[in-house]
Structure formats: C-alpha cells, structure tokens
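Asker: Protein sequence lines, in the order shown, are assigned to chains D and E. The opening residue of the first sequence carries number 37 in our numbering; numbering runs sequentially from there. The opening residue of the second sequence carries number 178 in our numbering; numbering runs sequentially from there.
Possibly wrong hints are sitting among the right ones.
No more than 25 Å apart at the CA atoms, straight line, and that leaves these computed lysine to any residue pairs for SDA-like [as the list claims (entries may be wrong)]:
(1) Lys-331/E to Ala-341/D
(2) Lys-266/E to Gln-234/E
(3) Lys-68/D to Trp-213/E
(4) Lys-393/E to Lys-356/D
(5) Lys-149/D to Pro-392/E
(6) Lys-212/E to Gln-248/E
(7) Lys-345/D to Asn-360/E
(8) Lys-404/E to Ser-305/D
(9) Lys-149/D to Thr-267/E
(10) Lys-315/D to Gly-408/E
(11) Lys-395/E to Lys-356/D
(12) Lys-318/D to Lys-266/E
(13) Lys-356/D to Glu-264/D
(14) Lys-212/E to Ile-308/D
(15) Lys-410/E to Val-340/D
(16) Lys-404/E to Glu-221/D
(17) Lys-229/D to Pro-392/E
(18) Lys-331/E to Glu-237/D
(19) Lys-358/D to Ala-425/E
(20) Lys-426/E to Ala-341/D
(21) Lys-106/D to Leu-349/E
(22) Lys-395/E to Gly-160/D
(23) Lys-379/E to Ala-365/E
(24) Lys-345/D to Ala-425/E
(25) Lys-324/E to Glu-221/D
(26) Lys-324/E to Leu-120/D
(27) Lys-315/D to Glu-297/D
(28) Lys-315/D to Pro-392/E
(29) Lys-149/D to Gly-286/E
(30) Lys-318/D to Glu-237/D
Keep in mind that the hints were calculated from the coordinates and are not lab data. Given the structure is predicted, the values throughout are model-derived calculations rather than measurements.
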Amino acid sequence: MGDVLIFAEHQLGHFPKTTLTAIHAGLELAQKRGGKAIAVVASDAPDALAGDIAKYGVAKVIALTSPALKNYLADAHAQALANLVKAIGAEYVLATATAMGKDLMPRLAARMKAPMASDISSIGDDGTVIRPMYAGNAMATVEFEGPVKVISVRGTAFDAAKPGDAVAPIEKVNAEIDSASTRMEFVSFNQTKSDRPQLTEARIVVSGGRGLKSGENFKTVLEPLVDEMGAAMGASRAAVDAGFVPNDLQVGQTGKVVAPELYVAVGISGAIQHLAGMKDSKIIVAINKDEEAPIFNVADYGLVADLFKAVPEMAEEVKKAKAH
Amino acid sequence: MNALKILVPIKRVPDPATTIRVMSDGSGIATDNVKWVINPFDEIAIEEALRIKEKQQGEVVLVTIGQTTWQEQLRTGLAMGADRAILVKTDAPLDALAIAGILAKIAEGEKPDLIILGKQAIDDDSNQVPQMVAELLGWPQATFASKVEFADKKCTVVREVDGGLETIAFNLPGVISTDLRLNEPRYASLPGIMKARKKELKEVAADSLSVDLAPKLKIKTLAAPPKRQAGRKVASVQELVQVLHTEAKVI
Ligand SMILES: Cc1cc2nc3c(=O)[nH]c(=O)nc-3n(C[C@H](O)[C@H](O)[C@H](O)COP(=O)(O)OP(=O)(O)OC[C@H]3O[C@@H](n4cnc5c(N)ncnc54)[C@H](O)[C@@H]3O)c2cc1C
Ligand SMILES: Nc1ncnc2c1ncn2[C@@H]1O[C@H](COP(=O)(O)O)[C@@H](O)[C@H]1O
C-alpha cells in the first residue's frame, strides 16, 4: 500500500529536468502515503538510464524493456506500464505533465479504470491533491476513489530531485505487450534545433508577443537580448500562431508552464491564458508600450516603452552590468 | 478516397474571455455573468472533421454529455456544418473516466472511422478524455495534432510535443485530439444557422447506457489562487537593468 511508481521519462537518451521533478514529487507522495517510491525506465535499452536514475533517492528502479518500447508510443507504453502496476501492486502512478506525460497517463488510467488528477501543484497530507483549473483561476482540492490513482505533476510546482550517495537496486523486467493490439506507428521526430537553454529548465526566460510583429524581429531584436541574458526564449500564442517562432515555445494555459527566477515579457499584453503559464515566476518584468496592458498587473517591474528601442538598449545595459 | 464517419465530442465551457471567480463557499465558480461557448479546441475539432468531409465525403456527428442547455452548442456546431448531433443528458457531475466511458459506448453504436476531440477542456484543464476514449476502445491515439493527412485508410498525424514535432501514423479507426495550430475554425453562416434548425438532434439519457458514472475523482473544494501584487514602473532601461542587477540580483 502507498507505493508510488514514477514514470522516468527520457528523451533522446537522457532525462530532462522534468523527470527529476517527477522523482521529487514521487518521493514526497510516497513519504506522505507511507509507501516506497519506485522509478520505472521504459525502453528497448534501459540499462544506462536506469543506472542514472538509481542515484536520485528512490527505493528501486525497474528497467522495463521490450523491443516494442524503442520509440515512445502511447498504446504500447500504457499496456506495459499497466501490467507492471498490477504486478508490483503500486497504489499511485506519477509522471510530470510534459507532452509525453499528458499523452500517456490518461491512457494508462483508463486501462486501469483508475481516476487521474492532471497537472497537480501540491500534495496534501490526507490523500488529496491540489490542481489548477480555469487557467489557474481556481485551485481545486480533489480526492480519489479506487485502488489505483494516477497523477501528473506540474513541473514548476516541485523541486528537482538531487543525486545522493545511495544507489537503488535495479530490477530488469520484460514488458508484457500484446503487439496485436498496438496499432500506432512512429514515423519521425523533427527536433527544433536550439543552443539555448530549455524553456522549462532555464533560470531566465525572455518571451516575445505579437508586439514583435515578425519572425525576423524575433531574430534581430529579441534574440540578442535573450542570448546576452543566457535565457531561454518563449512566446505568446499570438506570436506562435503568426508563425514567428516554433509551436513549442508557447507559454500559457495550453502551452508550457514556466516559473523561472526572471521572466521578461516583451510586447505581450498579458491575457489570462498567457498569465496561466508564467505567473509563478519569481520576478516578472514587462516591456509594453501600452501602460494599461494587463501584464503590468502581475509585473514586479514594468517599463512603458517601445520595445524596438528598449530591447536593444537593454541588451547593451545587461552586457555592461555583467562586466561589473 | 473513402468516405469517413467522424464523431466529434464537444463540451460547453465559459467563454475564454470571461473572468472566472470562485464562489466564497468554495462550491464552484460564479456563473451569473458567464457566456457559454463551445470549448475552443472542440471548434477546431469540428472544423477539421468538416474539412475531411469536404475532401472525401462522409458524415460528421457531434456528441455532448451534459444538460439540456448544452443543445445550444450542438446547434452552433450543426450550423458550422455538422450533419447531426447527440445530447447525452445528465445533470450529475462526471469525471473524465465516466465521460470517456460514455463516448466509447456511443462510438460502439455509431462505429465512426475517426473520433476528433479537443486536447483540453479550458474549464477543467484536464487533458484526459481523448486518451481515455482511445484506450477504452483499444484504438490508436494521436494527441495534440497540428496536421492530419489521409492516404486510404492510413492516417498520418503531426503532433506538437516537447522539443519539436512528432509524426505518427495508424490505420483507421483512431482518435485524434486537436492542438491550436491545426486549423482556424469557420463561423456559422446565416444559411448554416437556418439549416441547423432542421438537423437531427437526438437525446439519450446518460444513465440508460450502462456505463459506471460514479465519479472516482471528486472535487472537494475550489479556492481562489493567491493573488500576485503589481510591482512598480521603472522610468528607463537603465533603471530596469540596475534594479535587476542590484535589487533583485537576477542578472
Ligand atoms: C483556447 C485558448 C487557449 C489559449 N492559450 C494560450 C496560451 O497557452 N498562451 C498564450 O500566450 N495565449 C493563449 N491564448 C491566447 C490569449 O488569449 C491571447 O490572445 C494571447 O496571449 C495574446 O498574445 P499577445 O499578448 O502576444 O498579443 P496581443 O494581445 O495582441 O498583445 C500585443 C501587445 O504588444 C504590445 N505592443 C505592440 N507593439 C509594441 C511595441 N512596439 N513596443 C512595445 N509593446 C508593443 C501591445 O501594446 C500589446 O499589449 C489562448 C486563447 C484561447 C482562446
Ligand atoms: N462533457 C463532455 N461532452 C463531450 N465531450 C467532452 C466532454 N468533456 C470533455 N469532452 C471532450 O474531451 C476533450 C478533452 O477534455 P478534458 O479531458 O476534460 O480536458 C474536450 O475538448 C472534448 O472534446
């Protein structure tokens, strides 16, 4: 009872920071429910990854393997995990609400006829969890009924687990997958190339909105500031819809949720859907020419200015400040 | 090309421009000034279904699980061009698993080639129902779709995922959930609205479907989130960088 199986998502052979967040949340949940935290690495070749994650404080790592787990596909992964959950008798299954976590966890929950709470922001002491609804305008306390519970956690709401001296035992398990019932086929992954920090991992995020007016301006006006600050770049939905920047830079209710130490919103009005993705940032700076823009209601420091003048100036000033 | 029958589940939600307020007793949100609309992702789902139908024939069937008032959103979808609609009537609050159970039951009766849903309802922000329906039916799922293509019975979908775009494929039947960039939904035209009045809208009682409706995920209370205080305006870029450097110490 109370055991937590943590899905250790990996991408291109390594663990993103969001996986360490899942580990941290899983350890907290296991402690509160009086169970053990067990991490599972699903892959056709899980050994190296399993060895890696074994240092992060979990009681055990399961290296779940099958040739059918080579590429991530929801149907095969959900089957393999559901069979594992049954075999080990875990009460909770937990992942971070990344694109993969969002895709996989509900399918797994349905397979187990288990309730699922999405994108939770905290874990209660009494078996309840708290999750945002309505673009973060309401925080719901929810409770589960049933032997198995599925949870995805909000990456910004929990710290990342840290490696320690203890190394957990690794158990290799051959995944049970009925290939006749898996019909999804992986075709390709078109990676957005970027040398910048990941949006969900960066200490500083600089985001641009419709105010930038073109993709070209993102390059020539915003990017020099982004790079001078060593920041990740983000965007509003309007900027993404207009094709200025790739889809996966969208911050907000229906994009990525970020909470860096510093968030700089440039030419972004501050619609509720955008705020939902960044309002937990430690310090928020807004640059907007409209002093009435709602973004100023959440900004710690607001600058009313034309971004085309202010942003290049800011890049210069940051350079100077760094030299001190 | 094969004619395709497409089922599109839609949900009634508050207009995204509405300011949502939690009631002081924590029992729900204040709905007095709320304008109700089709969940924006579901409008994208309807649009995609209509485009597929326009290309290769078929039928677009809407379904919603909710109260009698939700007929309004079904009529709007019919006015956009869907062929007929089903209201699965219930006044009880259902969780995602129950909604998915009902949709799977409807799909077993309707036998669509494709189910297209929104990726997320903007009220509960769950992002669960499409994946659950797919699993209950044992069908493939292509969530967060930004492009959908067909070659005969094979469906290829480009998905918005972390770090780029992923392409997956499956043979029909299957489930797709829409992301924002899939298309731009049309508005209902006046002739469309006239025609919609005559289209079939069937009512089914949710508790007649022998699906387990008891919620396993229960909302105990709602609370307003902590409010962030507005800070101050700075007069210049120099001052801004100065405070970030010395006061906030982030650069
Ligand atoms: C279902 C749904 C989901 C959504 N999800 C998201 C989401 O996840 N993320 C998101 O961001 N949005 C989302 N939105 C969209 C959201 O409602 C807003 O439309 C969007 O955030 C607006 O983007 P923006 O601030 O860049 O553009 P606008 O609102 O047009 O604002 C542009 C701003 O730039 C300023 N500006 C213009 N020129 C200059 C200049 N020269 N110098 C300085 N300032 C300038 C203007 O004053 C203005 O404030 C969603 C909407 C819906 C319906
Ligand atoms: N009550 C409902 N009736 C019909 N479809 C629904 C209902 N609730 C959710 N859906 C569908 O499931 C999608 C995802 O919803 P959710 O999992 O609640 O975020 C929505 O965009 C709809 O397409």
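Asker: None of the hints should be skipped; say for each whether it holds.
Answerer: Checked hints:
Our distance criterion of 25 Å between C-alpha atoms is broken by Lys-331/E and Ala-341/D, whose separation comes to about 52 Å. A threshold of 25 Å between alpha carbons decides the hint, and for Lys-266/E with Gln-234/E the separation of about 29 Å lies outside it, so the pair is violated. Only pairs whose Cα atoms come within 25 Å are accepted, and Lys-68/D paired with Trp-213/E is rejected, the gap being roughly 40 Å. Simply put, Lys-393/E and Lys-356/D have alpha-carbon atoms about 57 Å apart, too far for the 25 Å limit, and the pair is violated.
At roughly 11 Å between alpha-carbon atoms, Lys-149/D and Pro-392/E fall within 25 Å of each other, so this suggested pair holds. Only pairs whose Cα atoms come within 25 Å are accepted, and Lys-212/E paired with Gln-248/E is accepted, the gap being roughly 15 Å. Distance hint between Lys-345/D and Asn-360/E is unfulfilled; the C-alpha atoms sit about 35 Å from each other, more than 25 Å. Only pairs whose Cα atoms come within 25 Å are accepted, and Lys-404/E paired with Ser-305/D is accepted, the gap being roughly 18 Å.
A C-alpha spacing of about 21 Å is found between Lys-149/D and Thr-267/E, which places the hinted pair at or below 25 Å, so the restraint holds. For the hint linking Lys-315/D to Gly-408/E, the alpha-carbon distance of about 13 Å falls within 25 Å, and the restraint holds. With a CA separation close to 54 Å, the supplied pair Lys-395/E and Lys-356/D exceeds the 25 Å bound. This hinted pair does not check out: Lys-318/D and Lys-266/E have alpha carbons roughly 45 Å apart, beyond 25 Å.
Of the pairs offered as hints, the one joining Lys-356/D and Glu-264/D holds, with about 10 Å between alpha carbons and a cut-off of 25 Å not exceeded. Distance hint between Lys-212/E and Ile-308/D is fulfilled; the C-alpha atoms sit about 16 Å from each other, no more than 25 Å. As the CA atoms of Lys-410/E and Val-340/D are separated by approximately 8 Å, the hinted pair is consistent with the 25 Å bound. For the hint pairing Lys-404/E with Glu-221/D, the CA-to-CA distance comes to about 45 Å; that exceeds 25 Å, so the pair is violated.
Taking the CA atoms of Lys-229/D and Pro-392/E, the gap is about 43 Å. The hint is violated against a cut of 25 Å. A distance of roughly 37 Å separates the Cα atoms of Lys-331/E and Glu-237/D; the hinted pair therefore is violated under the 25 Å criterion. Simply put, Lys-358/D and Ala-425/E have alpha-carbon atoms about 14 Å apart, close enough for the 25 Å limit, and the pair holds. Restraint check for Lys-426/E and Ala-341/D: the C-alpha separation of about 23 Å stays at or below 25 Å, so the hint holds.
Proposed proximity of Lys-106/D and Leu-349/E is supported: the alpha carbons are some 23 Å apart, at most 25 Å. For the hint pairing Lys-395/E with Gly-160/D, the CA-to-CA distance comes to about 15 Å; that is within 25 Å, so the pair holds. Taking the CA atoms of Lys-379/E and Ala-365/E, the gap is near 21 Å; set against the 25 Å cutoff, the hint holds. Note on Lys-345/D and Ala-425/E: the hinted pairing holds, with a Cα-Cα distance of about 23 Å set against a maximum of 25 Å.
Between Lys-324/E and Glu-221/D the CA atoms are separated by roughly 16 Å; this keeps the pair inside 25 Å, and the hint holds. Restraint check for Lys-324/E and Leu-120/D: not satisfied, since their Cα atoms lie roughly 34 Å apart, outside the 25 Å limit. About 11 Å separates the Cα atoms of Lys-315/D and Glu-297/D, which keeps this hinted pair within 25 Å; it holds. About 31 Å separates the Cα atoms of Lys-315/D and Pro-392/E, which puts this hinted pair outside 25 Å; it is violated.
At roughly 21 Å between alpha-carbon atoms, Lys-149/D and Gly-286/E fall within 25 Å of each other, so this suggested pair holds. For the hint pairing Lys-318/D with Glu-237/D, the CA-to-CA distance comes to about 14 Å; that is within 25 Å, so the pair holds.
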